[in-house]
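Note that the protein sequences, when read in sequence, are chains A and B.
The first sequence runs 1 to 300 under my numbering.
The second sequence runs 1001 to 1286 under my numbering.
Keep in mind that the hints were calculated from the coordinates and are not lab data.
Mixed in with the good hints, there may be bad ones.
Quick list of in silico lysine to any residue cross-link-like pairs, SDA-like style, CA-CA up to 25 Å [what the hints assert, rightly or not]:
| hint | chain 1 | residue 1 | chain 2 | residue 2 |
| --- | --- | --- | --- | --- |
| 1 | B | LYS1202 | B | LEU1178 |
| 2 | B | LYS1202 | A | ARG71 |
| 3 | B | LYS1202 | A | PRO133 |
| 4 | B | LYS1202 | A | MET114 |
| 5 | B | LYS1202 | A | GLU53 |
| 6 | B | LYS1202 | A | LEU210 |
| 7 | B | LYS1202 | B | ARG1057 |
| 8 | B | LYS1202 | A | GLN207 |
| 9 | B | LYS1202 | A | ALA185 |
| 10 | B | LYS1202 | B | PHE1119 |
| 11 | B | LYS1202 | A | GLU295 |
| 12 | B | LYS1202 | A | GLY189 |
| 13 | B | LYS1202 | B | GLU1143 |
| 14 | B | LYS1202 | B | GLU1230 |
| 15 | B | LYS1202 | A | VAL106 |
| 16 | B | LYS1202 | B | GLU1180 |
| 17 | B | LYS1202 | B | ARG1111 |
| 18 | B | LYS1202 | A | TRP206 |
| 19 | B | LYS1202 | B | PHE1271 |
| 20 | B | LYS1202 | B | ALA1182 |
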Amino acid sequence: MKAAAGLRGRNRHGWLMAGPALAGLLLFIAVPFLMAVGLSLTNLRLGSPLPLEWVGFQQYERIFGDPAFRRALVNNAVFALVVVPVQTALALGLALLLNRPLAGRVWFRTFFFMPVVFPMALVAVVWQLILAPGAAGPLNALLGLATFGLWEPLDFLNHSGAALPSIMLMSIWQGAGFQMVILLAGLQGIPSTYYEAAAIDGAGRWQQFLHVTLPGLRNTLIFVVLVTTILAFRLFDQVDILTRGGPNNATTTVMFEGVTSAFRRQQVARAAAITVVFFVIVLAITLVQRRLLREEREIS
Amino acid sequence: MSAAIPMGAARVGRWTRLLGGLALGLATVFFLGPVLFMIVGSLKPDELVLREAGSWRAFWPTEGSLQNYRDVFERVNFGRFLFNSLFITGAVVAVGLVVNSMAGYAFARMRWTGRNALFAFVLALLILPFEAIAVPLFYMMIEFGWRDSYQVQIVPFLANAFSIYLFYTFFLGLPRELEEAAEIDGAGPWRTFFTLIVPNAKPAFATVAILTFLVTWGSYLWPLMVTSGETYRPLPVAIANFKTLPPLQWGDIMAFGVMMVLPILLVFLLFQRWFVRGVASTGMKN
């Protein structure tokens, strides 16, 4: 800290106050990330007899040529395409229901938000029982009841068509409350005079929703959609605990492939390349969101 | 029905109200059902949990007892896992609050060379999810010789770009007069920060504490990678492992789950207002 000590009064204090956090961010986030980029261009594999060398973009070529990894990308994308709209619509619906004078409002908010405090590992375990195969499985029994016995009991988590939707369902259960609370705050930020003005202009409830509520929630919605999309690409815990990517890669994800390469197969360089691809996806989503927000600022 | 309803709907039709009530009811069943199911299952004899899972009895403990809870303690070292989770989470939250609030303050209210460039660095890290660095960090920790320890689950998570950002935005909004008064009294920046700023920033501290607590308590990927034995294993990895221990006894697993979520559920119910406010404020950041 020689350079800092040489600086005058306030300067030194600023450095000292921000220093511990900055050192942590540098050492444990920035450096590992740069390491990932560097390692992804090598052939490093722990315990491999091959000499370490630069192999350029070979790892990237290899992962994109790997059907399991391509399936993982598709699964993450499908997960995002289903969960983001469904969960956002559900959360918005709940937020609208609760943004009214209503007896027991706080109770309902508590119920809907409660799953948010459940660790994902626990959610996965509880839902494994709910999704239990056979007619005694709660979800199977419920579907049987709803279809008057027409439902054929499924082994949800071992069924190639039902495994991913099952994981989507529990993810929505856990995440909707989080979004709902954010949207509720957004709703409360819309001045009631806007609604009154719209009502005077003769707008019905649906028109008010389209022309007052949705525009008023625009930024909040963009934020919520961004966060949920990124979460969709981070999907790991439920998959690791319930299906290990199976059956037949039906539920594998980018992170699951990365972790499997890294420490079940010791393929350091490959795992690093997967990490970088993951980051590029997240970066792209974030840039799209920034763009959308900027457009709005230009309009208003 | 008065005209001053915020939604601006002067008259809500009977059908709309009925549909709204129905929707609320269904949503309550959907969100609360699995929670009740877990609690009731934890009180039943193991063999009845799955057998009765498909009927209304899933929500009623016919032969309720605390035997499953006793079984958990007999089969695994639950106390150890609980302690690990409490210790790791406590340390990350407590030290994180100090370190990140100081950084947030330095960025928001102090002038120093390099501040703007370093703040851009913090903002850039905001978009980097932990998953993007988990793998290289894992190898780095092996180099450090930190594998299977407490520090490997604590130290890398103390500094947090998002926490710094939340503190930063909060401190920006505090009135300048606070510091001006302190300066006249001859207080240096450290004393100003700890005796004046911190007590006026309780909402920011509560928000960051709650969000850090939720993330750390539920963390699974990282402890899965870095712990190997039971000594440093936290609850999320422990329950995933407990589930695979033969014999498969769902009652025990549900009892494990209840005990795992109970501390956080209690904190949530006691400080619900803060949870909701904290979560809501994350959406305000843009």
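For each hint, the structure was consulted:
no., hint, in the structure
1, B:LYS1202 - B:LEU1178, "15 Å, holds"
2, B:LYS1202 - A:ARG71, "46 Å, violated"
3, B:LYS1202 - A:PRO133, "49 Å, violated"
4, B:LYS1202 - A:MET114, "24 Å, holds"
5, B:LYS1202 - A:GLU53, "52 Å, violated"
6, B:LYS1202 - A:LEU210, "38 Å, violated"
7, B:LYS1202 - B:ARG1057, "45 Å, violated"
8, B:LYS1202 - A:GLN207, "41 Å, violated"
9, B:LYS1202 - A:ALA185, "20 Å, holds"
10, B:LYS1202 - B:PHE1119, "23 Å, holds"
11, B:LYS1202 - A:GLU295, "35 Å, violated"
12, B:LYS1202 - A:GLY189, "22 Å, holds"
13, B:LYS1202 - B:GLU1143, "39 Å, violated"
14, B:LYS1202 - B:GLU1230, "37 Å, violated"
15, B:LYS1202 - A:VAL106, "23 Å, holds"
16, B:LYS1202 - B:GLU1180, "20 Å, holds"
17, B:LYS1202 - B:ARG1111, "24 Å, holds"
18, B:LYS1202 - A:TRP206, "40 Å, violated"
19, B:LYS1202 - B:PHE1271, "13 Å, holds"
20, B:LYS1202 - B:ALA1182, "19 Å, holds"
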